[in-house]
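Enquirer: Sequence:
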Amino acid sequence: MKLQSRETNRIQLRHSSRTRSTSSSSSSSTSNNAIEATKSIIPQNEASSPVEIASIEKFLDNIMKEKPIRFTPQQLTEFTNNYSIQLGSGGFGIAYRGSFPNGVPIAVKVLHKALNKRAEEQFMAEVATIGRTYHIHLVRLYGFCFDPTVKALVYEFMENGSLDYYLFSDNLRIEWATLYEIAIGTAKGIRYLHEECEQRIIHYDIKPGNVLLDKNFSPKVADFGLAKLCNRDVTHVTNTGGRGTPGYAAPEMWMPLPVTHKCDVYSFGMLLFEILGRRRNLNLGGNESQEWFPRWVWDKYENGELGSLALVCRIEQEGREKAERMSKLGLWCVQYKPEGRPSMGKVVRMLEGEEEIMAPPNPFEYMDLYAKELASSTGTMTTTSTISRGSTTSTKSIQV
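Just so you know, the UniProt record's numbering puts 138 at position 138 of the sequence shown, and the rest follows in order with no gaps.
Calculated directly from the structure, the hints in this document are not laboratory data. C-beta: ideal position from N, C-alpha, C; glycine also. Worth double-checking, as some hints may not be accurate.
[Stated by the list, open to error] SDA-like mimics (lysine to any residue), calculated; alpha carbons at most 20 angstroms apart, straight line: (1) K346 to Y336; (2) K151 to E121; (3) K337 to E252.
[Claimed, not checked] With beta-carbon atoms standing in for the labels, derived distance ranges: (4) E352 to D164: 32 to 38 angstroms; (5) V312 to S84: 41 to 47 angstroms; (6) P361 to E195: 23 to 29 angstroms; (7) L311 to S84: 28 to 34 angstroms; (8) K67 to N283: 39 to 45 angstroms.
Take these sequences, add in the hints, and give me the full structure.
Expert: Take a look at the structure:
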């Protein structure tokens, strides 16, 4: 047992020296919790054989290297108390609440038993990408289970659920100052994926439903089922099949063209608009001029009326400057051409006020050109207020 104690101290010391500056305090705490939790899973006794000790050493070494752990179906049953508390369900399967033996709360995403090829790819993408990341604003993947009877992913538990629940609910509200901090934290998480990982990670599906909130409403980017690794010297990657969510996915995502990490910047811009308006970007039930919120923000900016926009968005006077900053940055992020969008590093600096935000060009100019071409070819006049709402295309035509 003395040997085991010395080894544990050595591992903890080596682990602390590797902690990144971007997430030093919180990340260290999370990692230590994971180590303690997984140590308690391993049967320990005085008469461990050399083979058992070597196996434990390898296991703990993987934890130290931040690799996800492979759990057994029996362990998942114990962690979840026989899957007694369901958190939610979807096309992927069902999520359950659980905890490690030492009390650390977890969420267990159990996938449907019959996995098709796409689902298998998403499972592997989760393990391959989030399994090698470690940042305060990314959801931690503790491990997984890949067994003929159970296929599951084990994450840290996020007490306050997803951001969309608060943005689009009539009963739940988050203060503007907190929402702004959520935007900054989310941007830092994406910046880490793009600029600070050994290999760049493109998320492909940034949206409010994939931003989870902990007990302090600190955001963490989640759901890496569509994510893709690429070397930093590779400027474009091939987009195989449809990726992303309509309304958030960049225009190039729906074209047979290579894409870059700037597609995440576009999606983040769409997220900024929904944070700003505390509503869905597309709302067909309200004022026609406000149906597609991003275009309405541009119209207000072009007419020098961002102050009135903040008023409509119920943002108090002390928050108006940040609201204008978010409006202009959102317009930069959703530029039609990827090269016109800022890097996530610049996005963070602009949100934090460390870098001036220049006047953005019209990101929806291509819509006007499309409308004119359509009008000249069909003999109709087409309004553009609802064309290409993020990634889908719709037109309103009036016969002339």
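Enquirer: Does each hint fit the structure? Answer for all of them.
Expert: Going down the list of hints, with the structure as the test:
1. K346 to Y336: It holds: about 18 angstroms lies between the C-alpha atoms, which stays within 20 angstroms.
2. K151 to E121: holds, 13 angstroms
3. K337 to E252: holds, 9 angstroms
4. E352 to D164: 32 to 38 angstroms: About 24 angstroms separates the Cβ atoms of E352 and D164, which means 32 to 38 angstroms is violated.
5. V312 to S84: 41 to 47 angstroms: holds, 45 angstroms
6. P361 to E195: 23 to 29 angstroms: Holds, since P361 and E195 (Cβ atoms, about 24 angstroms apart) stay within the stated range.
7. L311 to S84: 28 to 34 angstroms: violated, 47 angstroms
8. K67 to N283: 39 to 45 angstroms: Holds: the Cβ-Cβ distance is about 44 angstroms, inside 39 to 45 angstroms.
Hints 4 and 7, counting from the list given before, are not met by this structure.
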